[in-house]
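Engineer: Listed in order, the protein sequences are those of chains A and B.
If you read the first sequence in numbering that gives the first Met the number 0, its first letter stands for residue 0, the second for the next number, and so on.
If you read the second sequence in numbering that gives the first Met the number 0, its first letter stands for residue 0, the second for the next number, and so on.
These are calculated hints, taken from the structure and not from any lab test.
Ideal placement from N, C-alpha and C gives every residue a C-beta, glycine not left out.
Honestly, I wouldn't trust all of these hints.
[To be verified] Derived DEER-like restraints, expressed as beta-carbon distance ranges:
#1 B:Gly68 / A:Leu123: 17 to 25 angstroms
#2 B:Asn64 / A:Ser126: 28 to 36 angstroms
#3 A:Val164 / B:Thr206: 53 to 61 angstroms
#4 B:Gly208 / A:Pro254: 24 to 32 angstroms
#5 A:Phe274 / B:Gly140: 53 to 61 angstroms
#6 A:Ile77 / B:Gly208: 26 to 34 angstroms
#7 A:Val147 / B:Arg337: 54 to 62 angstroms
#8 B:Ala269 / A:Leu107: 44 to 52 angstroms
#9 A:Phe284 / B:Asp61: 31 to 39 angstroms
#10 B:Ala269 / A:Ile74: 21 to 29 angstroms
#11 A:Leu61 / B:Asp61: 38 to 46 angstroms
[Unchecked claim] Residues from chain B shown here face chain A by an in silico Cβ test under 8 angstroms; the list is partial:
#12 Glu203
#13 Val205
#14 Lys265
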Amino acid sequence: MTETSLYVIQQLINGLTIGSTYALIAIGYTMVYGIIGMINFAHGEIYMIGSYITFIVIAGLLGMGFVSLPIILIIALIIAVITASTYGWTIERVAYRPLRGSNRLIPLISAIGMSIFLQNYVVLSQSSRDVALPPQITGGWTFGDPSVFEVSFSYMQLLIWVATVVVMVLLTLFISRSRMGRACRACSEDLGMTNLLGIETNRIIALTFIVGAALAAIAGLLLGLYYGVVNPFIGFIAGLKAFTAAVLGGIGSIPGAMLGGLILGVTEAMTSAFFPSEYKDVVSFGLLVLILLFRPSGILGKPEVEKV
Amino acid sequence: MGLLTMKRFTKKLLTLSSAICLATAVNAVQADTLKIGLAGPATGPVAQYGDMQKIGVMAAIDDINSAGGINGMQLEGVIYDDACDPKQAVAVANKIVNDGVMHVVGHLCSSSTEPASDIYDEEGVLMITAASTSPSITEKGYQMIFRTIGLDSLQGTLAAEYILGDVKPKTVAIIHDKQQYGEGLATTVKGALEKNGVEAVMFEGVTAGDKDFSALIAKLKRNNVDFVYYGGYHPELGLILRQSREKGFDAQFMGPEGVVNSDLAKIAGAASEGVLATAPKSFDQNPVNEARVAAIKAKGEDPTGPFVFTAYAAIELMKNAIEKTGDTDPEAMAKYIRANPLETAIGTVAYDEKGDLTASTFQVYTLHQDGSKTPVK
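If we strip away everything but chain A, and leave its shape as in the complex, we get:
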């Protein structure tokens, strides 16, 4: 293979990896929007908390003398998902449910307040410095001629891909096959009507927050392990990127969030690959503007129908 094609493959791998995690976080935005038409700006913070919990659990287990990495990761995953889901549920209960039915702007402001609260709460309890974890999953494959260009694909990147695919498949099955999933779809069609038909919409909305938070926690675990660094401010940028991914794919659409995440990740990597890295965000967000100009509801989004 030529040097350029190897280079493109490498950047594609990098882009898909980062895109997968954008997609995982984007799901949380899109599910909440799909059902109650609100942007949960505190979602990025849930991802950050998921990362912190992972770090604390892994450091704790390593300190207690656990050596089996898979067991450590599974325990960390379970604790991170449970904790983050609790946060997701609590946020909905405390900051959004009492405001339901009011002007659309009010829960949005409440969400921004929640985001600032959570960020500063973590700053106070964990300090604002970068916390680092030594690499846990090391190694990987390399291919291509080292004298031309060597492509590297690490086990950690593979884990991110596999985990994302598994989670996406499970989520799709859950939404399309289970009773709860059907109720979710019904709520996103028409919340008031679903309520009249005897479905407890409050429970479904709470469930949406829990599922979104769980996915954000999984992203927090994966990215925490991948980068090995966490600080209280990572939620903001990650949340912004994931929100962009959700809008790009069509907010409210779950496959759209997945697609949007991957497109955003690959665009960023390819821009950094062939233009100065400074243009990474210029190109990604320029693309967002273009897509919204021609498809205002995003790539896979349904055009907004005025509900009567």
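Got chain A; can you put chain B on it based on the hints?
Structural biologist: Quick look at chain B alone, frame taken from chain A:
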């Protein structure tokens, strides 16, 4: 009954009057205390640099106070947190002025110092920064602004000299974080290298706070870069080093004093071994400071940070100026400091017209994965 009430009343009166006496006494003490504003990040991602400044200033204040103060006047350090945020720095500067504090050590990040120094100069507050190295701070003809640290440009020139003379790399890339400090340094290094016929194959910015540098690293690898100069701070460089190691990219990295921090080793682990950096000379190794280092260690604090003794020297300058001018008037002090060199914890401090040090205070170091550093030149 009447007697008892009377007694109680007297008692109350006594308590009250003693309380008033006490209050007056406190006031009297306050009048003999000079407040020194300590502006810098106490929170935020670069808070540890604020700690270094605090350790130095507090050590100097303790030394002065325990020796009887300046002409009998005690010093008190008051901490103001700007979180290294230019907007907050302006708010902090206004608060310092409103609090009546006339002597400031700080700010720390160049991007905070620059907007804040405007306010201090206008309000006649004496400001000495122990850490800001951006050249533009002293370029506006301020009369009240000084620093106890060399300029960015000097640091960049030193780095370029070392790259050309000792490293002699084949392919150089220069990366920066698009912030005033990092980009300023990166530009200086680029210019100095170009003057000597060495072209950087890449000159690119990354976004501070970014976590993923895989695309950048793949590009560095593709260009066969064997030397990277990074202008910025340790969180991003730490991640670049860590991800480079994972991707099998093993160029020599070099950075400014913004990356000299034990957190770099925590983030990058083994990948931080052997990274080069320019930083202020290790004043804690200077025999002059032996007793001061011991005193700081006795308090359980770390005397090795690059800004500890530059901050210490800032207080020394203020103390000397007050003693020599016989007053705490900041404008007279500024005039005195500008005109008279002083022997301090960081060597002889002499200023040029702009308020910059005339001597360089930087040195090249090799960083190690345990967070320590050794001088190489």
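Engineer: With reference to the structure, classify each hint as holding or not holding.
Structural biologist: Results for each hint:
Taken as a hint, the range 17 to 25 angstroms is violated for the pair Gly68 (chain B) and Leu123 (chain A), whose Cβ atoms sit roughly 36 angstroms apart. Between Asn64 (chain B) and Ser126 (chain A) the C-beta distance comes to about 30 angstroms, which sits within the given range of 28 to 36 angstroms. The given range of 53 to 61 angstroms is broken by Val164 (chain A) and Thr206 (chain B), whose C-beta atoms sit roughly 29 angstroms from each other. Checked against the hint of 24 to 32 angstroms, the C-beta distance between Gly208 (chain B) and Pro254 (chain A) comes to roughly 30 angstroms, which is consistent with it.
Roughly 40 angstroms separates the CB atoms of Phe274 (chain A) and Gly140 (chain B), a value that falls outside the hinted 53 to 61 angstroms. Remark: the range hint 26 to 34 angstroms for Ile77 (chain A) to Gly208 (chain B) is upheld by a beta-carbon distance near 30 angstroms. A beta carbon spacing of about 60 angstroms between Val147 (chain A) and Arg337 (chain B) agrees with the range 54 to 62 angstroms that was offered as a hint. Between Ala269 (chain B) and Leu107 (chain A) the Cβ separation comes to about 45 angstroms, which falls inside the hinted range of 44 to 52 angstroms.
Taken as a hint, the range 31 to 39 angstroms is violated for the pair Phe284 (chain A) and Asp61 (chain B), whose Cβ atoms sit roughly 51 angstroms apart. Under the hint 21 to 29 angstroms, the C-beta atoms of Ala269 (chain B) and Ile74 (chain A), about 26 angstroms apart, fit the expected range. The beta-carbon spacing between Leu61 (chain A) and Asp61 (chain B), approximately 40 angstroms, falls within the hinted interval of 38 to 46 angstroms. Nearest Cβ of chain A to the Cβ of Glu203 (chain B): about 5 angstroms, under the 8 angstroms cut. The hint holds.
Interface restraint check: Val205 (chain B) against chain A, minimum CB-CB distance 6 angstroms, threshold 8 angstroms, status holds. Of the supplied interface hints, the one on Lys265 (chain B) holds, with its beta-carbon coming within about 4 angstroms of a beta-carbon of chain A, less than 8 angstroms.
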